[in-house]
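**Student:** Read off the chains here:
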Amino acid sequence: MIPNAQQFKRKSAAALADKPIQANLRGLYSGFHQARLAAGHATPDWEEMRDRGREIKTHTIRHLDHYLEQMADNVTKAGGKVFFASDAEAANRYVVGVARSIGARTVIKSKSMVSEETGLGARLEEVGIEAVETDLGEYIIQLADESPFHIIAPAIHKSRQEVADLFHDRFGTPRDRDREGLMAEARERLRDAFARAEMSVTGGNFMVADTGTLALVTNEGNGRMCTSMPRVHVAMVGMEKVIPSMADLGMFLKLLIRSATGQRPLSSYVTLVSGPRGADEEDGPEEFHLVIVDNGRSNLLADPELREALNCLKCGACLNACPVYRKVGGHVYGWVYGGPIGSILTPAMTDLAEARDLPYASSLCGACREACPVRIDIPRMLLHLRKQIAEGSPQSPSSKAPLVERLAFRLWSAAVRTPGAMRLASAFGRLFQAPLRRRGTLRWLPPPLGGWTRHRGFPALASKSFQDRWRDGLNDTDQAGRQP
Amino acid sequence: MALPSEEGDPAPRQREEDQPHRTGPVAASLFVTCIVDQFYPDVGESAVRVLRRFGVDVDFPESQTCCGQPAFNAGYTGLAADAALRTLEAFRGARYVVAPSGSCAAMVKVFYPELLRDDPAALAEARDLAARTYELSQYIVDVLGLPDHPHPFEGLRAGSSPLPSTERGLSVTYHEGCHLRRELGALTQPRELMRSLPDVALAEMEHPDECCGFGGTFSVKFADISGAMLSDKLDRIEATGADAVVACDSSCLMQIEGGLRKRGSAVRALHLAELLDSRAAFERVP
Amino acid sequence: MTADGNRAEFMAAVRRALGRQRDEAPAPPPAGVRHPRPEAETRADLLDLLAHTAAGAGWSVFRAKSPEDAAGYVADAASRISSGLVVTSAHPVLRDAGIESAVTSVGARCETVAVGDAGSDEERQRRIAAMRQTALEAGMGVAAADYAIAETGSCVVLPGAGVSRLVSLLPPVFIALVEPGRALPTLDDLFALLGEGLTAGTASRYAGIITGPSRSADIEQTVTVGVHGPGEVHMVALDYLG
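Chains as they are written, first to last, in the numbering used here: chain A, 1 to 484; chain B, 1 to 286; chain C, 1 to 242.
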């Protein structure tokens, strides 16, 4: 998938005007967000779990090479095959190669954000292999030819009616199908695909290094289907998903699930895969391939300021908490990952110049960090990216901030250098504001400040600053606080 | 104390038992902040009066200008560092630095040490300043201390309140500034102060922790998103039926008040300092 | 195509990003939070807790006082399915409880699905396809849980000889029989067992942890059950074995 984040502003205007999208976004706050808060309160040692989770992830990422080697060795020992893919092309080439080696005509996919990154579905279709998404949300957006709107709820922007219309257009089902009816339709069609498919591609929520185990979390059961039905199972997993030990899997599952949906005690299905079918087992995939993907993650790894982003469990809590995401939704972010974490991942993993708007698309309110199960300091990293843009980054010179902005900040800097300079700047300001001023408020400002006054008045500069009032006698006020 | 929004990690109270208000005057320097200085000087005056009523000897270092946050938030760290160094100099030697702004106090307390981390001498000074700097409500509650008994605002005498003092008193709702909540961990202090006012009733809005949409240049760069966030905030403010919305940051209030006026709302936007000043027709009872 | 082909190159890039030349064994990772064992002093307490959490997770829980009791419950459920076919796995506990004859007595067919020793791969694929077809047609699956977790109300099913992955997955109704001795206090206990077993090479390389029915909230954030897996799940605790 090619990043397309340049149109953030234009697309966000459209999203703001889209009533169904706005209604569904509001639901994220009353739904997932509140459920996460309740789950946190109900979990003993929740805050300590978050601290330990953060420490363990930080440790693991710091020693990523070691744990990936351990993971790969253990999977290989159990009869699985491990492929390390440096980029999307290498990952897709490998998966297509596996599919061809068994003559697969249909591949079923369980939700995998990495395969969204690499555009695997389109690639398989290109070479004549049918690729069917099996997570209901992913299935819906595949039918609609869209990208995921939300990390864990990809079709959350669509109303029941929109889904019913989509099914009607594709399958001729009645437009008045209710949710159960739509789900039953999808179930039947997907059962057919499950039965046909020779191969599955899944993601993975955790790779457990000390046992070589892949952990898959689903609610629908598509993870179990994909790891039970076809002859070959390929898991495509971002390299940051490794944790050192099975002993900590329970804690990480709870951190992930409770932050994602607020579900307690667990999601419906947690599936653990440590290799292909055992010799005495009745069924299950005969081949297990683990594709460990970099695809720009080493950019994050190489920058100590951004490395923390690799602690991400992809739970989506920061999206639900973010007041900006909840206004514009996932599609405006232009790539696979939306919301606050997407504003770090997209510029860092793809192209800073292309995604230049994203680090600014935040009021830096910090709700994301407060919501993150492993306390990733997203605002700090957004500031770091802004710094790269303001100062110009050697890796991405074309991302540099526009000259007019840089000049504006030089001007600001000169104006606040001394109280005298500030007084002078303020005098100029008062001069210019005079014609615009109505009862202490400016109702219209020229570009680029005009956007402000579309939504609210701007206060006029005070006729006498605090500095001047202090000089003119406030300092002599009596201690009781009465003005003289 | 029951909080409307329980999440977050409030910083531990740093009540300094060795700095009691009871044993004599305390000296504090006001860091008025550029936005108060230029747009809301009345808030600065209120802060001075309130501090003085608490027995604080208020001083105003006149070389102060701006903390540098606009540049810092826009990524111009060099320019921000220049501003930081000037602020360090302006408040050198001050026992306490008190700002009527959670955001500017957070800039000094949290972001200066980060901004100046590569300059050991400046870093040491920044850490020192950070330890001495307080947001107004935190300073009053955590450093000066609200005495448990007698009630601090007993012994009132009639004040010259610009706000209506109706039969039912004044109903206010509180907006948590993002930096005050999430960088400084102040959830309780502003509320404690409001609750201690005899004729003020606090009506909590839904999600008081949700950002008002200001975010500095964000509100200009993404004016429409910011406006949509503001609109939600205003709906929640109005739903409380409060007479006024109170916050500890003039920047949030600039956004909120601008929005309230635009929609013709009767709700007032007040800085906590103004509320304390106006109700505090109080003097400390010795 | 060779798997592992560019492992060295990939690792070199990771180490470069970390500013390291070679794999350096790290100090042990920080310890995670283990959830405290629930206050269940006896096995009966543990089962009570399991029954409580499982009900909360969406299982219909039944406490069987005798084998007949358990078989009766299963037969009752079997009598409600329309397809008339029940698939089971070859767990001894099913045989001991007389599940098959109970199901048959209400007019349903009962089939233990397995591939067995197929000889050739061709034959094996043929048998798998047949087994899959049977499981797809079945209205209900019955299997024994290898473990149950009191903390989370989960059943753990491990595949093995005579135990297909499909019994607990394809039919719209699933019944898990839980022997009291299989109940573990916490999720951490399960992972400790699996961790040891996998390290020693003795544990199953596949484990399904099932916590309630198959669910989706992908349309309008409203929960719908029975998407891919069973929408109706029953946990039958075999108290009489306690």
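Derived by calculation from the structure, the hints in this document are not laboratory data. Check before you lean on any hint, since a few could be wrong.
[Said to hold, decoys possible] PhoX-like, lysine-lysine: derived pairs with alpha carbons at most 25 Å apart:
id, chain 1, residue 1, chain 2, residue 2
1, A, Lys9, B, Lys262
2, A, Lys19, B, Lys221
3, A, Lys464, A, Lys11
4, A, Lys400, B, Lys262
5, A, Lys314, A, Lys11
6, B, Lys262, A, Lys387
7, A, Lys9, A, Lys19
8, A, Lys11, B, Lys221
9, B, Lys221, A, Lys9
10, B, Lys262, A, Lys19
11, B, Lys262, B, Lys221
**Student:** What's the verdict on lysine 262 of chain B and lysine 19 of chain A, does the C-alpha distance respect the 25 Å limit or exceed it?
**Tutor:** At roughly 23 Å apart (the allowed maximum being 25 Å), lysine 19 of chain A and lysine 262 of chain B satisfy the hint.
**Student:** Quick one, are lysine 11 of chain A and lysine 221 of chain B close enough, alpha carbons at most 25 Å?
**Tutor:** With Cα atoms ~14 Å apart, lysine 11 of chain A and lysine 221 of chain B stay inside 25 Å; holds.
**Student:** Does the structure keep lysine 19 of chain A and lysine 221 of chain B at a Cα separation of 25 Å or less?
**Tutor:** Given pair lysine 19 of chain A, lysine 221 of chain B holds - Cα atoms ~23 Å apart, limit 25 Å.
**Student:** What's the verdict on lysine 314 of chain A and lysine 11 of chain A, does the C-alpha distance respect the 25 Å limit or exceed it?
**Tutor:** Judged against 25 Å, a Cα distance of about 24 Å means the pair holds.
**Student:** Are the Cα positions of lysine 262 of chain B and lysine 387 of chain A separated by 25 Å at most?
**Tutor:** Outside the cut-off at roughly 34 Å; violated.
**Student:** Check whether the Cα positions of lysine 262 of chain B and lysine 221 of chain B lie no farther apart than 25 Å.
**Tutor:** Roughly 20 Å separates the two Cα atoms, so the pair holds.
**Student:** Has the given pair, lysine 9 of chain A with lysine 262 of chain B, been kept, meaning a C-alpha gap of at most 25 Å?
**Tutor:** It holds: about 24 Å lies between the C-alpha atoms, which stays within 25 Å.
**Student:** For a C-alpha distance cap of 25 Å, please report whether lysine 221 of chain B and lysine 9 of chain A respect it.
**Tutor:** Holds, at about 9 Å.
**Student:** Can you confirm whether the C-alpha distance between lysine 400 of chain A and lysine 262 of chain B stays at or below 25 Å?
**Tutor:** violated, 36 Å
**Student:** Between lysine 464 of chain A and lysine 11 of chain A, does the CA-CA distance stay at or below 25 Å?
**Tutor:** Roughly 42 Å separates the two Cα atoms, so the pair is violated.
**Student:** For the pair supplied as a hint, lysine 9 of chain A and lysine 19 of chain A, confirm whether the alpha-carbon distance does not exceed 25 Å.
**Tutor:** holds, 18 Å
Comparing the model with each numbered hint stated earlier shows that hints 3, 4, 6 do not hold.
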